[in-house]
Every structure is written in C-alpha cells, then in structure tokens.
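Asker: Start from the sequences and build out the full structure, keeping to the hints where you can.
Here the first sequence stands for residues 1 to 486, where the numbers follow this note's numbering.
Keep in mind the hints are simulated off the structure, nothing from the lab. A few of these clues could be false.
Calculated cross-link-like contacts (lysine-lysine; reagent style DSS-like; alpha-carbon spacing at most 30 Å) [claimed, not checked]:
id: 1; residue 1: 264; residue 2: 275
id: 2; residue 1: 474; residue 2: 379
id: 3; residue 1: 474; residue 2: 437
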Amino acid sequence: MSLHLHDTLTRSLRRFTPLRPGRVGIYGCGPTVYGRAHIGNFRAFVVYDLLHRYLEWLGYEVRFVVNLTDVDDRIVELAAETGQSIREFAAPHVRSFLADADTLGMRPFDSHPRATEYVPEMTAFVSRLVERGLAYATSDGSVYFRISGFPEYGRLSRIDPDALRPGERVADDKYEKDDIRDFALWKAARPEDEYADAAWESPWGRGRPGWHLECSVMALSEIGDTVDIHLGGEDLVFPHHEDEIAQSEGATGETFARHWVHVKHLLVEGRKMSKSLGNTYTVPQLTERSEPAAIRHLLLSAQYRSELNFTFGGLEASRRAVQRLLDFRDRLARTPTRPAAPPAGIEGLAGEALARFREAMDDDLNTAGALAALFVFVKEANTALDGAAGAISEGDRESAEAALASMDEVLGVLELALAGREVDEPERERIEVLVAKRDLARSRRDFAQADAIRDQLAGEGIVLEDSPDGTRWKHARSRAGSTAAR
RNA sequence: GGCGCCGUGGCCAAGUGGUAAGGCAGAGGACUGCAAAUCCUCGAUCGUCGGUUCGAUUCCGACCGGCGCCUCCA
Numbered sequence: 001m002s003l004h005l006h007d008t009l010t011r012s013l014r015r016f017t018p019l020r021p022g023r024v025g026i027y028g029c030g031p032t033v034y035g036r037a038h039i040g041n042f043r044a045f046v047v048y049d050l051l052h053r054y055l056e057w058l059g060y061e062v063r064f065v066v067n068l069t070d071v072d073d074r075i076v077e078l079a080a081e082t083g084q085s086i087r088e089f090a091a092p093h094v095r096s097f098l099a100d101a102d103t104l105g106m107r108p109f110d111s112h113p114r115a116t117e118y119v120p121e122m123t124a125f126v127s128r129l130v131e132r133g134l135a136y137a138t139s140d141g142s143v144y145f146r147i148s149g150f151p152e153y154g155r156l157s158r159i160d161p162d163a164l165r166p167g168e169r170v171a172d173d174k175y176e177k178d179d180i181r182d183f184a185l186w187k188a189a190r191p192e193d194e195y196a197d198a199a200w201e202s203p204w205g206r207g208r209p210g211w212h213l214e215c216s217v218m219a220l221s222e223i224g225d226t227v228d229i230h231l232g233g234e235d236l237v238f239p240h241h242e243d244e245i246a247q248s249e250g251a252t253g254e255t256f257a258r259h260w261v262h263v264k265h266l267l268v269e270g271r272k273m274s275k276s277l278g279n280t281y282t283v284p285q286l287t288e289r290s291e292p293a294a295i296r297h298l299l300l301s302a303q304y305r306s307e308l309n310f311t312f313g314g315l316e317a318s319r320r321a322v323q324r325l326l327d328f329r330d331r332l333a334r335t336p337t338r339p340a341a342p343p344a345g346i347e348g349l350a351g352e353a354l355a356r357f358r359e360a361m362d363d364d365l366n367t368a369g370a371l372a373a374l375f376v377f378v379k380e381a382n383t384a385l386d387g388a389a390g391a392i393s394e395g396d397r398e399s400a401e402a403a404l405a406s407m408d409e410v411l412g413v414l415e416l417a418l419a420g421r422e423v424d425e426p427e428r429e430r431i432e433v434l435v436a437k438r439d440l441a442r443s444r445r446d447f448a449q450a451d452a453i454r455d456q457l458a459g460e461g462i463v464l465e466d467s468p469d470g471t472r473w474k475h476a477r478s479r480a481g482s483t484a485a486r
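Answerer: Spelled out as structure tokens, the structure:
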C-alpha cells in the first residue's frame, strides 16, 4: 500500500500523490491567537505534526505551513477592551501556542504566516475577485464574495446553497449583501478596529480582512495556487473551507487543494469541551497532572477521524504505556552483544513490526494500528530477550534499536519521554549514592532500611529494579509530570 | 429540519464475510528478601431486532442510545 488519506471532498480514501513528485506543500489552519489553545485544539495540531513527520519519514520534501490568525472579531474586541493593538494583544498567545506545541513534541513547521503580514496580498486578491465579478463592494466599504458566481459552492460540505437561504428577505439591511449567503472578504473598519490598530487602507476604504480570505491568501502566497493537502478541524469544513475553495478557485481558476483532511473533535471525559463545563484543559494544566509524552500518546491512541475521549484515566494509562516503551528501550540498551551470540530472531521481528507500522500509517494515519505494531514488537522482542542467554547479536540489537527509533520518529512519544527524564550529574550522583547505600543494607539483609530508601526515592518518582546484575533506577515519570498519580 | 459520525471485554481502541490487534486495569503462575521489570496463562458470541449469505461483528434495513457540523469553535 502507499499512503492513502481520507479526502473530505470525495468522502473517500484516496491515494496521496503530490502535484510535484517527491515534494509536498501543505497548509493547515492554525490557531486564532486570542487565548491559550486547549487540548482539543492540540489534537488537531498533533495530527498535523504526525502527518508532517510521516511524510518526511516516507522521504518527501515537505513544506508545511500553519498560519496564525491574528486578525479576527474576537481579537479586535479583546484587544480594544484592554487598550492594546491586536499585535500586542496577540503576542503572548503566539508565544504560548509555540511553547505548548514544543511541549507536545511538535516539530517546528516551516512557516507560521500571520494574517497581519499579508494584508497587501489580501487586498490585491480581493481586487482580483472584484475584477472577475465574483466580489462586490457595498456602500459602507465592505466587500463580499458572490456565491451565485461560483456554481461549485457547497461541494466540500455537501450543503445545498439554495437551502442556505434563510427566510425571504434577500436584502438584509444590516449587511446590504446582494445575497444573504454571500460572505465577507473585506470588512469596513469600525471604530474599535482603529483603536486596536486593526485597519488598513484598501481600494474600498479602511478595513480589515475577513477570516476566510486570510487563509486563502496565505496558502496561495506561501505554497502556490494548489496545495497538496489542506488540513483543519472538522468544524472548519463549513463555512471556512467551503469559502476558501470558492475564493481561491474563483481567483486562480486552479484546484485549490488536492486533498482535504479534517480532524475530528475531541471529547473530554465523555463530553464536548466547553467553557461552561470547565473542561477546556490547556497544556500546562495537563502537564501538572501527567507528562507530555503521555498526553501525546493519548492524542495518538485513536485514529484522527474517530472520536477520541480524553480522560484523566486514559492519561494515566497512556503514561504507563509510554513507560513500557521506555523500559524496553533501556533493556535493549543494556543487553550485551556478542558476535557469536545465536540470533534471537529479533531482527526479523523488527522488520515485521516496521512493515505493519507502515501499513497502518499508510491506511489514513491509523495510529491505533501503528501503536499496536509497536507494542507487539515490544512484547515479542521481550520474549526473545528472555530466551536469549545473557547476550544477543549485534544485528539483533541494532535492528531493534533502529526499528524503535524509526517508529518513534513518526510518533514522537519516546523522544518526549526521554527529554523529560534527563538528569544532571549532581542529581545522578545523589541517587546513586542512595542506591549504593540501599545495596549495602540489602547485603546485610537489613530490609527495613533498604525499603525505606526505596520508598524515599519512589516518593520522588524514582523506581528501583533489583536484578542479578545489580540495582537499576529510573524515572517513572518526567519532571513535567511531577505530581502524576502513583 | 439538512448533512454526517459512532456504539467492539472494566476503561481506551484497531480490525476482518469464515468465529476478534494493541494499551491500561484485574486474576493466577514463573522470577524476587519483598518489590519493580519481564514472560506465561485466563476473560468479549463485537447496541437491539430483522434481512442477504453456506456463513456477518464485518453488507442491507429498522429501531434504541451517544455525538458532531449547519452560529468566524481545532
């Protein structure tokens, strides 16, 4: 199989092929920077990251653009309330978004264009639509897209444009639109827009861009007339992406996006996230209770188009699953190799695991299946290690470590867990002194003292494992998850 | 009302027209001073009722239950 992705336009799985062989241009709708993004937002963004990683893993040269919407009704409103410009207002939210993305192990995207940086391109784009008869200005200086001029409208969301006509009043005096269904490309400036420094000159007077316009222009400017994949949350199908298609294709005459991928919304504790339920958790709120690798694991535990119920119980289960991966990795690293060691069959298992992993990922990024391939490998390789007397061959160890690393290049879970467990020298020495002290107590069969030391370390999240080769210690959770449930 | 999704063991979650991956939790066992880690063993008739079929959890229909979008919310 080769990579197949679900395409919202056709509602079917389609083989992914980029416009230009070997090179992929992707545009993902990013956050509106008016507050701290919550875990639901990050389900979508982690899926972006997953796709980013997987395409690179497959060898594509990827240009991945994720915008930052920094002009928007709410942003203007909130900025004006606090007497700031939208730029000032948005700055901390941009920073927190990037910080949270980093916390969750997202690799940097190639570009984060901001709407405010593309205003000249936007007005030029609107002019183009006006010239083509697809947009018109109203007396107040706003510009609207004429839906009746784009027969394809409604194809993505499968909405019948005629059914969108609410009531009989075609001329809504509030908007003066030709057709109630037409949407704003350019919005005439209001006083608050001026206060918040959110108004620009245009052929239609001062104003600011509409949301849909922003994404089209940034995608076109940063990637080209046709993007290979356009991503978003499922809520964006209508009207946002429908409108993007209408504008973009109306202006360029080219297919705007070859593939539409939409990420299903997340539930929290079985319920839709909402501010009134108080379940719109942010990344910092979650890292207080668990660790980033566990959050990422949980977000990837279900395929992106299926419902995912984010629960604290699930978070703990993910934390333990991640620990199992770490334990396996450590075990491999400390298993001695001997050239003459008989093959333990691990190399073959690693190959099978990678094949199954790839098959699952190729099947519309089936992360649940991919994780299963990984865990089957862990189990089978552990069994093989149990059976290998003391040492394994170089080939077995290298292939196992390579397979593990390779799968994690896509999943990004182990690397996060590892990063959270780095220990500096003084800390390492302190722990090792305690471990040595306990070993001494054990050799005297003073188990009371030995257990006291073990309990003390356990309280810090450090778990000891006695083995014939001595006592090992490990962090059972990352520093970020310092208050994780025991 | 329009469009769409889902209902798989205690929890989460894959999957296939021929009797069901994986993770977490649980029980028993091996190992251990005790643990931890690891391994072995154990557990599901796949929402209900019909239909198609030699055979359905997988296809079709109805019903029940849950959910999403249709409000510039990923």
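Asker: Would you mind marking each hint as holding or not holding in the structure?
Answerer: Structure-based check of each hint:
Only pairs whose Cα atoms come within 30 Å are accepted, and residue 264 paired with residue 275 is accepted, the gap being roughly 19 Å. A distance of roughly 20 Å separates the Cα atoms of residue 474 and residue 379; the hinted pair therefore holds under the 30 Å criterion. Distance check on the hinted pair: residue 474 and residue 437 sit about 17 Å apart at the alpha-carbon level, within 30 Å; holds.
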